[in-house]
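Chain order of the listed sequences is A and B. Here the first sequence is numbered in this note's numbering, starting from 761 and rising by one per residue. Here the second sequence is numbered in this note's numbering, starting from 113 and rising by one per residue.
Where hints are given, some of them may not hold.
Unchecked claim - Pair by pair, the computed Cβ-Cβ distance ranges are:
id : chain 1 : residue 1 : chain 2 : residue 2 : range
1  : B       : 806       : A       : 846       : 21 to 31 Å
2  : A       : 781       : B       : 379       : 52 to 62 Å
3  : B       : 791       : A       : 846       : 25 to 35 Å
Since the hints were derived computationally from the structure, they do not count as laboratory data. The C-beta atom is built at its ideal place from N, Cα and C for all residues, glycine as well.
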Amino acid sequence: MGSLEVSDVTVVFGGHRALDGVALDAEPGQVTGLIGPNGAGKSTLFDVVSGLRRPSSGRVVLDGRDVTRMGPARRARRGLARTFQRLELFGRLTVRDNLLVAAEMGPDRRLAGHAVTGILDRIGLHHVADTCADELSTGAARLVEVGRAMAVRPKLLLLDEPAAGQDGEETERFAALLRSLADDGTTVVLVEHDMGLVMSVCDRLHVLDLGRIIASGPPEEVRRDRAVLAAYLGESPVEES
Amino acid sequence: MEQFLIFGVVGLSTAAIYAIVGSGLVLTYTTTGVFNFAHGAAGMLSAFAYWQLSVGWGWPVPLALAAVLLVLAPAFGLLVEKVVLRPVQNLGEAERLVMTVALLSGLIAAARWIWDPNLPRPLTTFFTEREPLHLGPVTVTWHQALTMIVAVLVALALWFLLNRTRIGAEMRATVDDRALVGLTGADPVRANRVAWVLGTQLAAIGGILIAPTVALDAAQLSLLIVSAYTAAIFGRLRSLPLTFLGAVVVGCLESYLTGYLPQNQYLPGLRLAAPALLLFLALLLFPHGRLRGRDRRLRPVPTPTMRGSVVFAGVIVLFAVVLATVLDEVDAISYGPMFALGVVALSFVPLSGFAGQISLCQLSIAGVGAVVWGQLAPDGQPWALVAAFAVSALVGALIAVPALRLSGVYLALATAAFAVVLDRWIFTLPSFELFGVRIAVFNQSSVEMAGPDFFGFRLEEPAELMVFSALCLALGSLGVAALRLSRFGRRLIALRDSEAAYATLGGSLLAARVLVFALSAGIAGVGGALYGMQLQSVTAEQFNFVAGLPIFLIAVIGGLGAVGNGLFVGTAYLGPIHLLNAVAPWTHNIVQLLPALAGLGFARHPEGIVPGMRHSWEPLARSRVALSALLGGFAVLWLLRIGDVVGNAVLLLGTAVLALALRTWAQAKEATATEPEVPVEWWGVRRPWRKEDEEVLSRGIAGG
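So that you can see chain A by itself, here it is in the shape it has in the complex (with noise of 0.2 Å):
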């Protein structure tokens, strides 16, 4: 399990309403798509959903439960890990550590070691494994950042831009790990904006602009939305033809 409902979230910055009544899902078992044009506040609901930020009105909702006002690491305890679209990885620790921190911070913490040489496998980076955080170029670090969200064996995953940096081969690998944790049962809400790797992995995508859902379904039929298309192409929609 791993459901997620967003509903009706609200978060004002003085005078500007960065989320505007946003409500979404995703299941288990799932990738679920949040795409939109920068600033549209795809990172501002993952700090809500994550309890980094309180939102001004709403409910966010963990497996049937109301976590809405629980800490970030309490919402973590029930499932729920993240990465951050601004690197946050523990910069002076080596990879291996990093995972390491996570997997002890899991269900299994007797078997952190074991955990950590399993992720190492899944996301390539064994060569990697000993070097400190800090010396990694964009993409080794994002995928460490999806490693360590991993290591704590999460219900839901909230990845934020985890393939910005990569070349065309490691996106189709990354494809590959996300389609996995799908499988496994794993709820995966996914921030990307490399278009491929969205409509190729998503099972269903939700859109936001300027702090609202403007579309929700199935990667295709988003696709051809109009609403999709003004706000990604500006106010004239392109015509299908």
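Based on the hints, put chain B in the right spot on chain A.
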């Protein structure tokens, strides 16, 4: 009612001074991003300079005032900006903080050097010969009136400067985005300079106005600033009007406490400690910020090996045994505390080095440990050492409460306030009863300290106590090394690197912070107990806030995350002082300045000296030939010294020369063994990224 008004006028007059000084602090902080711990010391120095000119050399008051406020204070502000703070402008907040703490420590030491603290230096109030003003039932002296008028003028002038002038706009803009200000044609360096000059002038005005009402004492005047800090915190270090309001609250509180606090032996200290207590509370009530994201300017934490740590622990004990055999009793008393103070310094490693929490009250907590030992172990009962650890740890856990909400400069301030509360109130209390238990502190004088008694074997001689302290330092260093390699050690570093990531993985900030503060305070408490044993009798002054600053500074210079830092701090703090005093007694005052000067030189080695030393001595430790030669040579010199064939100087110099020569040899030998070539595209992947790689790549790209 009449009394209430009288105390109100006194309070407002004091508040005016706090407002002037506090506004200078806010002005500097908002423009430059530097919280100036030495702000009060600048005021103190100005007051001394004013005394020197007007009383010492007999200059007319207006001329002395002009010289201090228009020449000396601005020049000092510019000097501090250029020499002290510009080198660390682009480093992190902690580095800038260390520079101002070093400045505070250095200015107090310099003032004590220039102006003998044992001589009284009275200053008369301004217009002292004039009849006071009578406003109804209230009498206002001209000095008080002048103080309040100056505060109003300062408020008006600052408002005009910040809101109606170009440089004021530049200063406000610099706060928001320094780089962007530069792009718009404004000059952030000029804005910085103006802020430092004005800030120092305001500190000088405050110092000169307050000096006639208190004793002209370097430490006391520098710490009167705590009240101004409290006022500035009311303004959240940003708002000048709220700073003025805070000053009124603090000034009136002090005055009314003087007037209305019941007269008994427990409360006079509370009045002195009130501003610090208020500062502590104000920091506690400070609005809670969001969890911090990743700090990209952190220095790496060295990773020790357990084998290396065991060897290091052995070296500590061996060092103490050698000292015990070659030093006479007087020297053993002088140098002995280096291991005890090393234990105090070791407490910085988990707290500041791993967890990144800056504490300026570790020596004060050591004082708590000393008191516990002194009161509970009159016959040296060893279990009291455990009690010293436990009680100090409990105190540390209390400090962790504000640490949950604070970091960086605010945490440093909170710990400084805590130290001042201990100094001025708790440590001065007579014995009292709490829940039926009689608690004694320093008994308002000194506490006798016994050596530990292990199954009838009493350690009393300075040499014995030195070896015992070294053993404790060795065990402590081993424990801290094990902590670094443990799950908790990793968590502390992770927590420091990114609070947000740590919390979203399920880590409890509360548990980690309380534990590390308690552990670190426990270590400091044991260090304090050991220090007390070595001194045989301790007073509160030996553990006060100012006495703790050099230890903090040397710990920073050594490298806060290095396990070897305990030994380094103990040796570097006491070694040069006693060596130089023995060789050249005239350097007595100069050596007091050394920690501060070393702190100011910190900008060149922000990663710390100890990791560099470890790196440069590792080749010798790896070379069996060199190591055997060193141990053999040293053993010969030691035997010659024990047989009185040579003196301590020959032993010290001979060992140093031999070690340096062998290190050079071992380094040269290792350098000849070439490392395997790694293709450039694998740098940072197959081998660690090095600083010099960036330059090599840049040159390669530039060369086409």
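- Against which earlier hints does the structure fall short, listed by number upward? none
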